[in-house]
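Quick note: the sequence shown uses the working numbering, first residue 25, plus one each step.
One should not assume that every hint holds.
If you anchor each label on the Cβ, the simulated ranges turn out as follows [to be verified]: (1) Ala96 to Gly238: 39 to 45 angstroms; (2) Leu160 to Gly120: 34 to 40 angstroms; (3) Gly348 to Pro321: 26 to 32 angstroms; (4) Ala77 to Ala156: 40 to 46 angstroms; (5) Ala278 to Val80: 25 to 31 angstroms; (6) Pro240 to Val277: 48 to 54 angstroms; (7) Gly348 to Leu264: 21 to 27 angstroms; (8) Pro244 to Phe347: 35 to 41 angstroms; (9) Val100 to Tyr153: 23 to 29 angstroms; (10) Ala278 to Ile83: 34 to 40 angstroms; (11) Leu87 to Ile121: 20 to 26 angstroms; (12) Trp148 to Pro209: 19 to 25 angstroms.
Keep in mind the hints are simulated off the structure, nothing from the lab.
Remember, predicted model here, so these are calculated numbers, not experimental data.
Using N, Cα and C, we set each Cβ at its ideal position, and we do this for glycine too.
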Amino acid sequence: MAARLHGAVRHAGPLARRHAPRPVPGDPRLPAAGSALRQSPRVISRNLLVRVAFAVPAIAAALLLLRLGGWALAGVLAVLGVLGTREVYDFARVQGIEPLEWIGFIGAALCPLATYWVKGYAEWEPVVYVGAVWLLVVLVVAAARGPERRPLTAVAVTVFGGLYASALLSFIVAIRHGPHSDAHPRGSVALVVLPLVVTWICDTCAMAGGALVGGPKLAPVLSPRKTWAGAVAGLVGGLLAALAYGALVLDRVALRLGMWQLVTVGVVGVVAAQVGDVAESLLKREAGVKDSSSLIPGHGGVLDRLDSLYFVLPLTAALFRLFGVA
25 MAARLHGAVR HAGPLARRHA PRPVPGDPRL PAAGSALRQS PRVISRNLLV RVAFAVPAIA
85 AALLLLRLGG WALAGVLAVL GVLGTREVYD FARVQGIEPL EWIGFIGAAL CPLATYWVKG
145 YAEWEPVVYV GAVWLLVVLV VAAARGPERR PLTAVAVTVF GGLYASALLS FIVAIRHGPH
205 SDAHPRGSVA LVVLPLVVTW ICDTCAMAGG ALVGGPKLAP VLSPRKTWAG AVAGLVGGLL
265 AALAYGALVL DRVALRLGMW QLVTVGVVGV VAAQVGDVAE SLLKREAGVK DSSSLIPGHG
325 GVLDRLDSLY FVLPLTAALF RLFGVA
């Protein structure tokens with residue numbers, strides 16, 4: 025298992041093998057700020073087919089995993105956290121920064137595992153101690169490498185990578201195994217799926233709205249394909265998805281959220297999803313790459329697929345606690 029994980033991590037990000045200088049504005053590797061970035065219909069159809077062929081079994085596996093919960097869920101999220109952390113480190117390595125890779129991987133793997141371990145406990149004290157020791161190890165190892173290897177930057181990237189790609193993802197475990205999960209397991213699964221549905225419907229509607237309507241760019245420097253029309257379409261789609269999910273799913277599992285609570289989850293989720301998408305575009309723009317990796321067929325890397333969820337999950341988890349349902 026360790027050998028497989030090592031191999032997956034090693035091959036997840038081709039960025040690690042790029043040592044060219046960081047591209048500057050006008051570099052041909054980067055799309056122009058206002059370019060349409062058009063592809064032929066045949067290429068678009070082929071890409072869509074690959075995406076669907078991967079997404080259908082992946083969604084089925086995700087639903088099964090959420091139903092199982094426990095260490096199985098935490099373990100898979102730990103692997104995803106490590107792979108996402110590796111992609112962040114690849115961004116940094118392109119720019120000549122050397123993160124403390126394996127120490128960062130250990131911290132990333134511990135985030136979802138620790139979140140499940142403390143479920144139902146009022147005290148997070150042991151986790152705080154472990155986190156403090158991990159941070160001390162990062163600092164000591166960085167200091168031992170000497171000032172010429174940019175220890176402050178290396179520590180910042182090492183810690184940020186694990187927190188961004190794994191700690192934020194761990195809120196799936198926090199929602200799935202909240203205070204009411206043992207008494208109402210179906211409801212806890214349904215709660216986890218709600219932000220996933222809002223995020224994915226938002227992304228789909230934003231992509232369709234931007235392609236069909238076009239218009240002014242949302243963030244032309246960071247992400248030339250995103251438009252204000254797409255953002256509005258994503259907002260409408262995500263909001264309708266939240267309301268429909270509440271009526272069709274949450275009511276069936278006797279987990280009722282009021283209309284205004286669902287509207288709040290929908291609006292917050294949509295805004296967070298689009299901010300998360302643009303935030304990852306900023307990281308890729310700085311590194312001068314289009315995708316975080318080529319790990320997932322038709323989708324790019326782990327960060328490309330989960331970037332919106334990193335922002336959505338903690339906010340919706342906080343709303344669920346505020347509403348008293350998780």
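Here's how the hints hold up against the structure:
1. The beta-carbon spacing between Ala96 and Gly238, approximately 44 angstroms, falls within the hinted interval of 39 to 45 angstroms.
2. Range check, Leu160 to Gly120: about 26 angstroms between beta-carbon atoms, so the 34 to 40 angstroms window is missed.
3. As the Cβ distance of Gly348 to Pro321 is approximately 41 angstroms, the hint placing it in 26 to 32 angstroms is violated.
4. For the pair Ala77 and Ala156, the beta carbons lie near 45 angstroms from each other, so the given range of 40 to 46 angstroms is met.
5. Between Ala278 and Val80, the C-beta spacing of about 29 angstroms keeps the proposed range 25 to 31 angstroms intact.
6. Checking the proposed 48 to 54 angstroms range against Pro240 and Val277 shows it is violated: the Cβ atoms sit about 41 angstroms from each other.
7. For the hinted restraint 21 to 27 angstroms between Gly348 and Leu264, the CB-CB distance of approximately 25 angstroms keeps it satisfied.
8. Taking the beta carbon of each, Pro244 and Phe347 are about 37 angstroms apart, inside 35 to 41 angstroms as hinted.
9. Look at Val100 against Tyr153: about 26 angstroms separates their beta carbons, and that is inside 23 to 29 angstroms.
10. At about 24 angstroms, the beta-carbon gap between Ala278 and Ile83 misses the expected band of 34 to 40 angstroms.
11. Checked against the hint of 20 to 26 angstroms, the C-beta distance between Leu87 and Ile121 comes to roughly 38 angstroms, which is inconsistent with it.
12. For Trp148 and Pro209, the Cβ-Cβ distance of about 23 angstroms falls inside the hinted range of 19 to 25 angstroms, so the restraint holds.
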